[in-house]
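Student: These are the residues of each chain, in order.
2 protein chains.
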Amino acid sequence: MGRWRNKALTEYLENEIQWIGKPNYASAFPLPSPGRVPPLPSRKKLSSPTIRSRFQRMIMEVQDSVCGALEALDGAGNFKEDAWTRPGGGGGISRVLQDGHVFEKAGVNVSVVYGVMPPEAYRAAKAAVTDQKPGPVLHPKNPFSPTLHFNYRYFETDAPNDAPGAPRQWWFGGGTDLTPSYIFEEDVKHFHSIQKGACDKFDPSFYPRFKKWCDNYFYIKHRDERRGLGGIFFDDLNDYDQEMLLLFATECANSVVPVYIPIVEKRKDTAFNERHKAWQQLRRGRYVEFNLVYDRGTTFGLKTGGRIESILVSLPLTARWEYDHKPEEGSEEWKLLDACRNPKEWV
Amino acid sequence: MGRWRNKALTEYLENEIQWIGKPNYASAFPLPSPGRVPPLPSRKKLSSPTIRSRFQRMIMEVQDSVCGALEALDGAGNFKEDAWTRPGGGGGISRVLQDGHVFEKAGVNVSVVYGVMPPEAYRAAKAAVTDQKPGPVLHPKNPFSPTLHFNYRYFETDAPNDAPGAPRQWWFGGGTDLTPSYIFEEDVKHFHSIQKGACDKFDPSFYPRFKKWCDNYFYIKHRDERRGLGGIFFDDLNDYDQEMLLLFATECANSVVPVYIPIVEKRKDTAFNERHKAWQQLRRGRYVEFNLVYDRGTTFGLKTGGRIESILVSLPLTARWEYDHKPEEGSEEWKLLDACRNPKEWV
Numbered sequence: 025m026g027r028w029r030n031k032a033l034t035e036y037l038e039n040e041i042q043w044i045g046k047p048n049y050a051s052a053f054p055l056p057s058p059g060r061v062p063p064l065p066s067r068k069k070l071s072s073p074t075i076r077s078r079f080q081r082m083i084m085e086v087q088d089s090v091c092g093a094l095e096a097l098d099g100a101g102n103f104k105e106d107a108w109t110r111p112g113g114g115g116g117i118s119r120v121l122q123d124g125h126v127f128e129k130a131g132v133n134v135s136v137v138y139g140v141m142p143p144e145a146y147r148a149a150k151a152a153v154t155d156q157k158p159g160p161v162l163h164p165k166n167p168f169s170p171t172l173h174f175n176y177r178y179f180e181t182d183a184p185n186d187a188p189g190a191p192r193q194w195w196f197g198g199g200t201d202l203t204p205s206y207i208f209e210e211d212v213k214h215f216h217s218i219q220k221g222a223c224d225k226f227d228p229s230f231y232p233r234f235k236k237w238c239d240n241y242f243y244i245k246h247r248d249e250r251r252g253l254g255g256i257f258f259d260d261l262n263d264y265d266q267e268m269l270l271l272f273a274t275e276c277a278n279s280v281v282p283v284y285i286p287i288v289e290k291r292k293d294t295a296f297n298e299r300h301k302a303w304q305q306l307r308r309g310r311y312v313e314f315n316l317v318y319d320r321g322t323t324f325g326l327k328t329g330g331r332i333e334s335i336l337v338s339l340p341l342t343a344r345w346e347y348d349h350k351p352e353e354g355s356e357e358w359k360l361l362d363a364c365r366n367p368k369e370w371v
Numbered sequence: 025m026g027r028w029r030n031k032a033l034t035e036y037l038e039n040e041i042q043w044i045g046k047p048n049y050a051s052a053f054p055l056p057s058p059g060r061v062p063p064l065p066s067r068k069k070l071s072s073p074t075i076r077s078r079f080q081r082m083i084m085e086v087q088d089s090v091c092g093a094l095e096a097l098d099g100a101g102n103f104k105e106d107a108w109t110r111p112g113g114g115g116g117i118s119r120v121l122q123d124g125h126v127f128e129k130a131g132v133n134v135s136v137v138y139g140v141m142p143p144e145a146y147r148a149a150k151a152a153v154t155d156q157k158p159g160p161v162l163h164p165k166n167p168f169s170p171t172l173h174f175n176y177r178y179f180e181t182d183a184p185n186d187a188p189g190a191p192r193q194w195w196f197g198g199g200t201d202l203t204p205s206y207i208f209e210e211d212v213k214h215f216h217s218i219q220k221g222a223c224d225k226f227d228p229s230f231y232p233r234f235k236k237w238c239d240n241y242f243y244i245k246h247r248d249e250r251r252g253l254g255g256i257f258f259d260d261l262n263d264y265d266q267e268m269l270l271l272f273a274t275e276c277a278n279s280v281v282p283v284y285i286p287i288v289e290k291r292k293d294t295a296f297n298e299r300h301k302a303w304q305q306l307r308r309g310r311y312v313e314f315n316l317v318y319d320r321g322t323t324f325g326l327k328t329g330g331r332i333e334s335i336l337v338s339l340p341l342t343a344r345w346e347y348d349h350k351p352e353e354g355s356e357e358w359k360l361l362d363a364c365r366n367p368k369e370w371v
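Chains as they are written, first to last, in this note's numbering: chain W, 25 to 371; chain Z, 25 to 371.
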């Protein structure tokens with residue numbers, strides 16, 4: 025895995041982290057997970073293990089472990105890496121695997137964004153739009169393998185320069201959600217129960233609350249359906265101990281590999297026909313509709329001139345729209361649609 | 025062509041037209057064109073040939089002639105027809121040809137919408153959002169055949185009930201634009217010069233003004249490129265004689281067949297390879313991006329609960345997104361992109 029983080033990129037991110045010590049806000053949105061963690065050369069240089077730097081390190085480690093697990097599973101495709109900088113401050117590392125053996129398109133990004141906020145925005149910082157991006161999205165080829173999306177982020181403000189004693193603000197956001205084209209109950213239960221387990225370690229109210237939040241967030245209003253079968257979603261979370269929330273975000277992020285990889289492993293070679301593929305492509309069309317019309321990260325990114333390729337890497341490689349397509353009642357396609365219209369309790 | 029307008033549908037639209045005599049606003053957006061015009065059974069019933077009823081008749085005739093020309097060209101696919109009503113008042117006829125021999129997806133809609141406006145909206149009627157839909161879109165299969173979009177509409181208000189003497193307001197809007205994946209200069213010149221000819225019959229300022237308006241309207245801001253090679257676009261047009269503008273809209277609408285059909289006829293069987301197809305699919309992805317993110321008709325329709333299938337019929341059957349795709353400088357793909365970034369004068 026060492027090849028992921030070459031020297032130049034590491035310096036770049038390190039420098040950003042060092043530099044970030046002063047600015048008015050910093051936000052990071054990416055991906056966490058468990059597994060083999062490469063020894064980061066930056067480890068020794070970070071003198072003060074702030075929440076920010078620990079979160080940053082965590083998501084970089086998760087990027088490594090998720091990409092490693094995906095490559096191992098795919099067997100053919102390799103991630104290509106792009107480092108980019110943001111004119112307003114910050115930058116990121118995008119990794120994209122395209123047209124692999126198992127995955128049609130998998131994008132796994134880490135970014136660190138910082139800059140100066142106007143005082144009004146600082147005062148209402150939670151309402152201020154954070155430069156959020158859609159998180160990593162994994163689109164497999166096989167119609168029986170679900171798409172996965174996840175996104176973990178930490179946001180922090182320093183006091184404005186003209187009011188050095190003003191309180192700092194911070195919060196966590198994140199989530200992991202599953203978008204299958206066909207329902208295998210055991211898969212969906214596996215997915216939700218691991219997430220519930222991660223939540224329950226911290227607060228028994230988390231899973232029911234964040235599961236509902238997820239169902240509400242990934243809602244395609246003009247279709248009256250969710251884009252998939254949910255998972256967990258939370259935002260603006262700061263009414264708990266900060267250390268506890270960092271551990272919670274880490275736990276969720278570390279769950280990405282175990283909630284997802286076993287499902288794809290099981291379904292990646294399932295035989296399918298043209299009908300299954302066309303239905304998967306129609307559901308990918310819904311994915312595009314959600315991301316371009318509703319997703320806050322995408323719509324905000326498009327309007328404010330974010331790095332387009334990083335924002336739109338969440339779109340599937342291919343998608344399809346048929347006029348007035350209606351699955352036959354009782355069919356497998358209809359069952360999926362029904363579950364997207366009427367969210368169920370899976371655990 | 026007589027089969028297009030079956031008895032039930034005719035009654036339906038007629039009834040709408042009759043009923044429309046009273047309401048506070050009426051807006052119609054569809055497609056006009058020349059050719060063989062079927063004898064509309066409604067012809068005798070319309071006692072007063074108002075601008076509204078003449079426009080309505082014109083767009084229905086254009087729907088017939090465009091669909092007839094497309095079916096004749098396709099040779100295999102047939103249009104399927106759906107009539108629908110709008111809860112707030114009005115309705116329409118959608119015709120969709122899918123997976124034909126020449127066309128991947130062609131949707132040709134006519135709609136009539138009416139209802140009551142709040143007084144503030146009446147007073148600022150041009151600013152009031154009209155229930156506009158994206159117009160007909162024709163997506164051929166062959167990557168060397170361009171996509172065509174067009175949309176002609178007429179909007180009219182009666183005086184509010186509480187102010188019978190208040191002035192009526194009305195305007196015309198419309199346009200026809202071409203979206204190729206590859207540039208054949210003779211095709212683009214053919215397209216633009218017929219449109220210029222149609223404009224020049226009425227006012228020499230029309231073509232330059234509406235050509236520029238079109239380039240500005242179909243702009244994908246986050247890509248800094250237009251979705252295609254333009255055409256003409258106009259809206260809120262009421263500062264000319266009303267009769268003249270009806271004739272102008274009719275002329276433009278009647279140009280749809282001659283500007284487009286000869287191009288597809290010439291290119292529909294051109295040999296192509298996978299690279300050409302993939303590029304066409306990437307350009308279709310841009311089409312989706314424009315329609316879902318920027319197109320006023322689509323975004324308004326999605327937000328206000330319009331008939332989703334009619335609104336999204338404009339989307340291509342299939343589309344594609346590759347991460348960070350950049351055509352090689354000087355290639356045919358690059359030339360198209362360059363023309364989408366730097367609009368040219370074609371005539």
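Possibly wrong hints are sitting among the right ones.
Note that the list lumps identical chains together, so a pair holds whenever it fits in one copy or between two copies.
Unchecked claim - Heads up, simulated SDA-like pairs for lysine to any residue below, C-alpha to C-alpha not over 20 angstroms straight-line:
no., residue 1, residue 2
1, K245, T323
2, K225, E275
3, K350, A302
4, K225, K301
Just so you know, these hints were derived from the structure itself, not from any lab.
Student: Indicate, hint by hint, whether the structure satisfies it.
Tutor: Hint-by-hint comparison with the structure:
| no. | hint | verdict |
| --- | --- | --- |
| 1 | K245 to T323 | both (15 angstroms within a copy, 12 angstroms between copies) |
| 2 | K225 to E275 | within (9 angstroms within a copy, 70 angstroms between copies) |
| 3 | K350 to A302 | within (13 angstroms within a copy, 28 angstroms between copies) |
| 4 | K225 to K301 | neither (39 angstroms within a copy, 51 angstroms between copies) |
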